[in-house]
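If you're matching positions, the sequence shown starts at 1 in the UniProt record's numbering and goes up one per residue.
Worth flagging that the hints you see were computed from the coordinates, not collected in a lab. Do not rely on the hints blindly, as some may be mistaken.
What the hints assert, rightly or not - Calculated pairs, BS3-like style, for lysine-lysine (alpha carbon to alpha carbon, straight line, at most 25 Å):
#, residue 1, residue 2
1, K151, K83
2, K360, K98
3, K367, K378
4, K103, K116
5, K360, K378
6, K103, K132
7, K360, K370
8, K380, K367
9, K165, K83
10, K380, K370
11, K83, K132
12, K380, K368
13, K103, K81
14, K151, K165
15, K368, K378
16, K98, K165
17, K151, K132
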Amino acid sequence: MVAVFNKELLSWYLITLKLKETLESGNPSSPNSVIQSTEFPEQQKLQQEPSEPLKITINENGENLQEEAVSPESEWVISIKEKLEQAREDDVASSWDKLSIFKIPHYLRDGSGDDKAYVPQIVSLGPYHHGKRRLHRMDRHKWRSLNHVLKRTNHDIRLYLDSMKEVEERARSCYEGSISLSSNEFVEMLVLDGCFVLELFRGATEGFTHLGYSRNDPVFAMRGLMHSIQRDMIMLENQLPLFVLDRLLGIQLGNPDKKGLVANLALRFFDPLMPTDEPLTKSDRNKLESSLKNQTTTTTTTFDPLFDQGGLHCLDVFRRSLLRRGLQPPPRVWIKRWSHTQRVADKRRQQLIHCVTELKEAGINFKKRKTDRFWDIKFKDGILRMPRLLIHDGTKSLFLNLIAFEQCHLDCSNDITSYVIFMDNLINSPADVGYLHYHGIIEHWLGSDAEVADLFNRLCQEVVFDINDSYLSPLSGAMNRYYNHRWNTWCASLRHNYFSNPWAIISFIAAVVLLLLTFAQTYYTIYAYYRPAQ
C-alpha cells in the first residue's frame, strides 16, 4: 500500500495511469491528446480547489483507489500525542531522585542582583561552565595537575578513564537537564577536573612541595589566586559528585572503594571560607589530622570524623560542617515544602522579628556567645546571645550558594536560610550593624557598615521560606512576646533616660533624695499644724 498526500503528485499519478491504460488497449490517440484531455482539465480542477491535505491509499496493482482528507485538527492531535510520548520518555529516562548539582533558578539569580556570585570567574568544574572561553586559561594547569598525578603514581591514564566510564551514567544523573558533552568528552572532563580538585585538596593539607610542585607555582600555592579558586569551587553550579572524587583518590591510594577522605580534605581546604574566626576547634583539628594520617596508610573504608553522614558534593560537605553538632530536622517532603503556610522571605510580607534598634528600645540586650557555631543563637531573660560572625568579600557568594542549594534540594533542611533571614530582620540600617560590631557579634572586612547592611538585605530577596519550618521560630516567638510586653518597654526607657551614664545615675539619685526630703518636710509641717507641741 502507498500513501500519497500531495495533490500535484496525485495529478501526475492519474495521468500516468491513463497513459498506461491507453497504451495497453492499443488506442491510436497520441500521448499529446491524452495529456491535453486529461492533464489540463484535471490540473485546472486541482488548482482551482483549495489546497487540503489528502491521503490516497492504493494497492500494488493500482486498484481500489481510496481518497481520505486529513483535517488540520487531526494533525494537531497527532502533534500533541507526539509531545506526550516525548514527555513519557523524559520521565522514564530522568532520575530526579539522584539530582544533586542544580542550576541556579532564575528567580534567585535575578533577585540577588549579582550574577558573579553564582558563576565561576577563574576555574570551571563540571559540565555547566565547561568550555567557556574566559575560563580556558586554567585548563593548562588542570593538565599539569593530571600529569603530576600520573608521574607520582606511575599509573596509566586508561586506568582513570575506564574507572570514570563505569560511573558515567551515575555522574550524569547528578546534573540537571541534558548534558551536551559526548561520552568521551564527559569522561575526560571528570578525570581532568577531578584530579585538579584532589591536587588542591591534598596540597592544602600535605603541602604542594611534597606533591612535587614548585614553591613559586602560579596556581598550586596557598596564596593570591587560591582564594578566588576556593570561592569558585564552593559554587553550586561548579561541583563534581563526591563519589567521583572518592573514586579518583582511591585509585591514587590503591583502594578505589575508599570513602570519607575527600570530605576531610575538603573541610581543610575550604577552612578560610568559614564565616567565623574560629572555624575548627582544636579537638576537631586534631581529629582531622589524625584521620588523614590513618586513611592514607590503611585500605579500610573510613568516614568523616566530624559527622556521620555522607555528602553529595563539596558544597554539601561544607554546609554539613557548618551545622555539625547542631539540631538536624527530619527531611522535608514535597507537600510540606510547598504547603500553603510558606511565605516569601520579604520584609514587606513577613516580619519575623524587629530590628536591633527597636529591640534595644524594648529592653533586649545583645551579648556575644563564645562558640564556633555561628548559627547557635540563644535568648533568655531579655538577653540575646549570638556567636561571632565573620564577614569577608566571599561571604555573599557563600551564603547565596548555600541558600540556593537548600532551595533546590528537597531533602535538605533550611537552617542556613533561617539564620540569614533572622539576620536580615535584625539588620535594617548601618546603625544596627555598628551596634552588633560594638558588642563583638559582627566582624567584617568590608568598606563600611552600610555595605554589611545592604549585603543582608539583598541575600534573601525572592527566597521561598516556610516560617513554620525554621529552627529559630521558637526563639523569634519568645523575643516578640518580650518585645510586646509594656513593662519591659517602660523599664528600658527608664534605663536609657536615667541610667545611661554615671552622671545621669547621680542626678537621678539626687533628685530622688531631694524629693524624699521635700516630702518629709511637708509631712512634718502638716503634722505640726494639726498637733502642735504641748
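Do the hints match the structure? See the list:
1. Of the supplied pair hints, the one linking K151 and K83 is violated, its CA atoms being roughly 52 Å apart against a limit of 25 Å.
2. For the hint pairing K360 with K98, the CA-to-CA distance comes to about 47 Å; that exceeds 25 Å, so the pair is violated.
3. Between K367 and K378, the direct Cα distance comes to roughly 10 Å. Compliance with the 25 Å bound is thereby established for this hinted pair.
4. Between K103 and K116, the direct Cα distance comes to roughly 14 Å. Compliance with the 25 Å bound is thereby established for this hinted pair.
5. Taking the CA atoms of K360 and K378, the gap is about 16 Å. The hint holds against a cut of 25 Å.
6. Taking the CA atoms of K103 and K132, the gap is near 16 Å; set against the 25 Å cutoff, the hint holds.
7. Taken as a hint, the K360 and K370 pair is honoured in the structure, with Cα atoms around 21 Å apart against an allowance of 25 Å.
8. Distance hint between K380 and K367 is fulfilled; the C-alpha atoms sit about 11 Å from each other, no more than 25 Å.
9. With a C-alpha separation of about 32 Å, the suggested pairing of K165 with K83 is violated against the 25 Å cut-off.
10. A C-alpha spacing of about 16 Å is found between K380 and K370, which places the hinted pair at or below 25 Å, so the restraint holds.
11. Distance hint between K83 and K132 is unfulfilled; the C-alpha atoms sit about 32 Å from each other, more than 25 Å.
12. Taking the CA atoms of K380 and K368, the gap is about 13 Å. The hint holds against a cut of 25 Å.
13. A hinted pair counts as satisfied when its Cα atoms are at most 25 Å apart, and K103 with K81 does not qualify at roughly 30 Å.
14. A C-alpha spacing of about 22 Å is found between K151 and K165, which places the hinted pair at or below 25 Å, so the restraint holds.
15. Between K368 and K378, the direct Cα distance comes to roughly 10 Å. Compliance with the 25 Å bound is thereby established for this hinted pair.
16. Restraint check for K98 and K165: satisfied, since their Cα atoms lie roughly 18 Å apart, inside the 25 Å limit.
17. For the given pair, K151 sits about 29 Å from K132 by alpha-carbon distance, which is inconsistent with the 25 Å threshold.
In terms of the numbered hints stated before, the structure departs from hints 1, 2, 9, 11, 13, 17, listed from lowest to highest.
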